[in-house]
Amino acid sequence: MKSTLLIFLLSLSVYRLCAQENISPSRPQSGDIALVHGTVHTGNGEMIPDGLVVFSNGKITEVGKYAGPTKLTEIDCSGKHIYPGLISAASILGLNEISAVRATSDEAELGDINPNIRAAIAYNADSKIIYNVRSNGILLANVIPQGGIISGSSSVMQLDAWNWEDAVYRLDGGIHFNMPNLVRFSTEGDPVKDAMDQIEGVRTFFRQAKAYMHETRHEQTNLKFESVRKLFSGEQTFFVHCDLVKEMMVAVSFAREFGFRTVIVGGIDSWKITDYLKKYNISVVLRQVFTLPAMQDDDVDIIYKAPFLLQQAGVMFCISDANESSRYRNLAFNAGVASAYGLTREQALQAITLNAAKILGIDNRTGSLEKGKDANIIVSEGDVLDIRTSLVSLAFIQGRQIDLDNKQKQLYNKYIGKFGLKN
Amino acid sequence: MGILRLSPPGKFFSMLLGFLSLTFYGALGQVTFPVNGVADPRASCFALTNATIVKDGQTTIPKATMVIREGRIIAIGTSIEMPKDAVVIDCSGKYIYPSFIDIYSDYGIPVPERQRNGFDFRGPSQITSNTKGAYNWNQAIRPETDASRIFTTDDARAKLLRESGFGTVLTHEKNGIARGTGVLVTLASEKENLVIIKEKAAAHYSMNKGTSTQSYPGSIMGVIALLRQTYLDAQWYKSRPAREGVNLSLQAWLDNQGLPQIMEANDKWNDLRADRIGDEFGVQYIIKGGGNEYQRINDIAATKAPYILTLNFPQAQDVEDPNDARFVSLADMKHWELAPSNPAAFEKANIPFCLSSADLKDVKQFLSNLRKAFDYGLTESKAFEALTKTPATLLGVYDKVGSLEAGKLANFLVTNGPIFGEKTAILQNWVQGQKYGVKEEEWNDIRGTYNLAISSAAGTSNYSLEVRGSNSASVVGKDTMTTKFSFDGKIVKLSFSAPVAKKGLPTGSGDTASRTMAPRGGRMGGPRGGATSRLSGVAGGSSWNGNGEDSAGNAIVWTATFLKAGTNSQDSTRRKFPPRTGKVLFPFDGYGWEELPKQENILIKNATVWTNENEGRLEQTDVLVKGGKIAQLGKGLSDATARVIDGTGKHLTAGIIDEHSHIAAASINEGGQSVTSEVRIGDNLNPDDINIYRQLSGGVTSSHILHGSANTIGGQTQLIKLRWGLGDEDLKFRNWDPFIKFALGENVKRTTSSSNNRFPDTRMGVEEVLMDAFTRARDYENEWKNAEANNRKKGAQPITPRRDLELDALVEILNHKRFITCHSYVQSEITALLRVADKFGFRVNTFTHILEGYKVADKMKQHGANASTFSDWWAYKMEVQDAIAYNAAIMQKVGLNVCINSDDAEQARRLNQEAAKSVKYGGMAEEDALKMVTLNPAKALHVDDRVGSIRVGKDADLVLWSDNPLSIYARALTTMVDGVVYYDVDKDAAKRKYILEEKNRLVQKMLAEKKSGGPVMAAQPSFQILLSCGDHEHHDGLVTFDVSEIFENNK
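These protein sequences, in sequence, are chains A and B. Add 5 to a position in the first sequence, counting from 1, and you land on the number used in this note's numbering. No gaps in the numbering here: position 797 of the second sequence is 792 in this note's numbering, and each next residue is one more.
Please keep in mind that the hints were generated in silico from the structure rather than gathered at the bench. C-beta: ideal position from N, C-alpha, C; glycine also. Only true hints are included.
Below, a sample of chain A positions facing chain B; criterion: calculated Cβ distance under 8 Å: (1) I103; (2) I421; (3) F424.
In isolation and in its complexed conformation, chain A is listed as follows (with noise of 0.2 Å):
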């Protein structure tokens, strides 16, 4: 028996010596399935007991309350909550494997203005990380480039894919702009002319390109210009990372300028001119809900109060997870003490799913459970924003069932098997 139980042991971890390299991207959805029972959060505010969603080629064909059996492939979830898949709607995921070793760094390209610069081409679909992070419940994520003043464009990937072209969910669907701060953090010289000179460069490129634009045809073709189109013509979502509130107010001189659609990414004092923020119908990505205050005066829990500041006063935004330490895997548990900080949880969950579909664009086509939508969608054994709760057991990608396994849980189960623990 002793014997038995190591040798099961033995293959056990000679099998899962390669770890990870046995998930796979799983195939497209055949027949109708059936969630029964569970809670279903739909996404848009709407929670329903003893709830019922049905799917079938990956599209949703029915969310509502359970009335009898459904002659489908039932998944009984009871005692369990049903939620859209989440969002990750500002990330590096699959740009960069471990942060501090460089050759697996592809996030941040030389160079101040590269607009032509796509994130989705370095997107490596077989990250570990990646396999990490949909296990608890992020099933899509808007991928951005990181390097100069102009970093590119960013895609929205699903996290189920074999390749980079196969995992794009929408491609290229936004520009990112990074502010240079403008506060004076030095007393040399003076930090924020610079900054402004800098923005003023960005100004100019647009500027020119709007003019290259009504002009046909070209003896030189400028790839910077022409990765620009489409968000002259509203197709593309002009995102401009910063955080304070001039540099928030310069990202709206240039909405108006140019009539771009413009989000805020990050906005960690977006909660002082919300007003302003929704006269301008400007959205904001709060970058990270676990973050300090910018100032030592600032209420301690000023962060984790945004959210609810800019939900009462009817900002559209939505919150992601940027921590560089746990690598993006925790964006329910910000959502979660947002709640803890004003928001429903309702209202916390939709900060993650469909206001972040909004946001990017998708919302069409994903971030709340309704007919219609992609199948995106995750069961998690109890409250999702809970940590202690969160545990999700089932998910879908475009009707697909997902493998949610991943490195961590094989070197846990190798280990557990080296001490003969209980799992």
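Since the structure of chain A is already known, use the hints to place chain B on it.
Chain B alone, transformed into the frame defined by chain A:
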């Protein structure tokens, strides 16, 4: 020397003084120097008569005479014999004071060129000193520097200092930690040989390494350790140990010990740190403060040190733009308001102090800032003492300077009023019997009304000239003219023009203007509106006269004759009431306290109590807190003395203990060497860190402040309790076992540096650093044992080995008196350290971070180590690619005592959530999970007899939560340490309100300052410094900056 022509005494225009000393060298005739020309020896004897002579703070003699000869005072009094060869100067109406002494100057010393020289996590190291010669191993220890050898007279700077009343300065080279000796010189513009009063008047030290490019020390705690070690080394060097050879630096250090010891500390906490070094080695430093001492004046008084204070008060900031003002902290605003009260605070607390002109951007601000200090309650007599007797006494030169007495140097000021009067001018500053004019034009009171007669070919016109001062007068015809006037004691310049007619009024012809402006009884046309008449002349007798051109360009001659004195407005009396200001906060931060919270008896009723003891989680239970301890636990408790808190629906837990924290310290990493066990975090605590408060709001009550991971053997750690508002010593957890931080892996081998030259560069080398260090420690211990055995023998030649602070700490580890918490990640290095420990017979107390602990949990268990890990960090560097969130659960299942730590000021305020992650990853029971941030760290830190669980008799370090503490929805409502509530939601709400109101008050005050034309600087964001384990850069949420730069800039 120019010829002094004295006019006969007369009320006005009696003097034509103002000759500056025209010859700089030779007036004091140095005999060994050859004369190029004809010898011109002079007795240089002067008698200043009829003056009010203030000999010192106590003695003022009216109508007195002072006789000086060859640079010294020979007599003072009312009836003294006048030497026949004395040049007599009538000082009627004048005051004579001893001139000021600046005890903290670098006058005449070249300013050392600063370089970027902080410890750089990524740059190459400079292990040894760049100083050539038989000097100390450390480049910042330069006690051999002798300021008298590099001092040169600097006329321009001397003049500026003299104009502010100084006559004597102690000057030294402001460079290094031991800076050598300072030289006491006068501010005479003379050959160096003649102005030096004392070649070695003081020994100087600082907490800043200056231009040293050597990597060590790279932190404030390293500076402190270096100072301590150097005291020990110097003591040891007395016996001339053969193995040391000649060490000129240590010799100079020893030689300097008899001098007054001056320490530049520059900050309230540094003052205290410096004083503690002094206490340890029997030295009382004279401490040069930083201007923020009023924030902790009781602690400062307790040092019993004399202080050197500067008057470098911050300027108001331009807060007109609210978005700029947002980043100016309330603390900085309050400091702006309260900084001028610093000297008064010292006087009130009865702390001896000197005043210095150091640190001022412009020495001209000295007297005006001093007047500001008077407004805030400093008395003039104290200021006078702080500028004369106190510095002279501290330097042991009161027999030479600091008062006016026969035999002392003739260093004195002649003023036209009481020295600190608002309108008083220093007329002359005499240094070593040499007169230097300052504002001689005000020797006589020229204020009054004069008849101004202007004659031209057309005849004479008379005007009235009203003189208000040497730069202010008006010419009055029928109306007051636009006038410019200046008088420098000799030359008068005067120009005036009729005011231009106002807009909207009929301007008429030039005739109209002429008529309007016609002088009294004038026969000629007055000046035309706008056109200017220009007059120039000299003083002579009781009138001024000269020539000029009228507004039409015609030549004129003029005379101004005194008619009557102006209204003799005496000095306005000083404001009796100091300006209204806000209060000092403890700590000095927006969230600080005006009144520190007190220990309370508290009864928490009907809470869910997580005892962490055998009783487990008790529903609807009461806990009584008395005298800072948990007094009772049970149901239906009552106590008449206790404040009752309703715990219904709430959860009560022991306070959270963070095993791995870097808050509340001025520096964290001493990375200058691979072994720095001599440095101590406890030497540089920073009670002002807002993160203390923020973490209280997350239920943290104790934090283990660790040295960073820059090197294999880091520094000694410090366990603190988060007693927000108390001083640095009071933060310390009392009676705990001392710990030390070790580190392995990428950080200590400096993987991120492309140019590492510091051993080790591999994990193989890391292990050898440990082997080597403990081998040296064991040999060192034996050396001492052998020496002590030898010294007990009668008649044996006593042996005194060198005491080595680095090895002392390691010997403590060998003897199980100090305990290791070791930053570590991968299994190979963990095992390597275990084997080193086995070899030397000690136990590794804790492995911290320990993200691969799950791989070798059995080995750690066998060894008896504790584990303290992150919940879910991974993949941020190579050595954590195998980190798993199940680590804590596996280690716990194997039987280790497991803690979850933060290593991060943000994460630390939600360690309860971090603990909950083991419920999610690995299915840990909730009570066990909570223990990982309470009882388990208490055990790992050997303090579980006092904290970590709710048991009668333990410290009342408790947190009341709104919900299950492991829930993401839980918020800490009340956090107490020792039964003192340092955080609760109501107090917090009051603080927020206070911050808003106080900040607005100060914004308005700064705006008023700007409006009134006061000096204003651009709004300067108050960045917080966040220190962390692994990086050199630090983040404050907005921008990233380099802490070494801040360290320098703060200087």
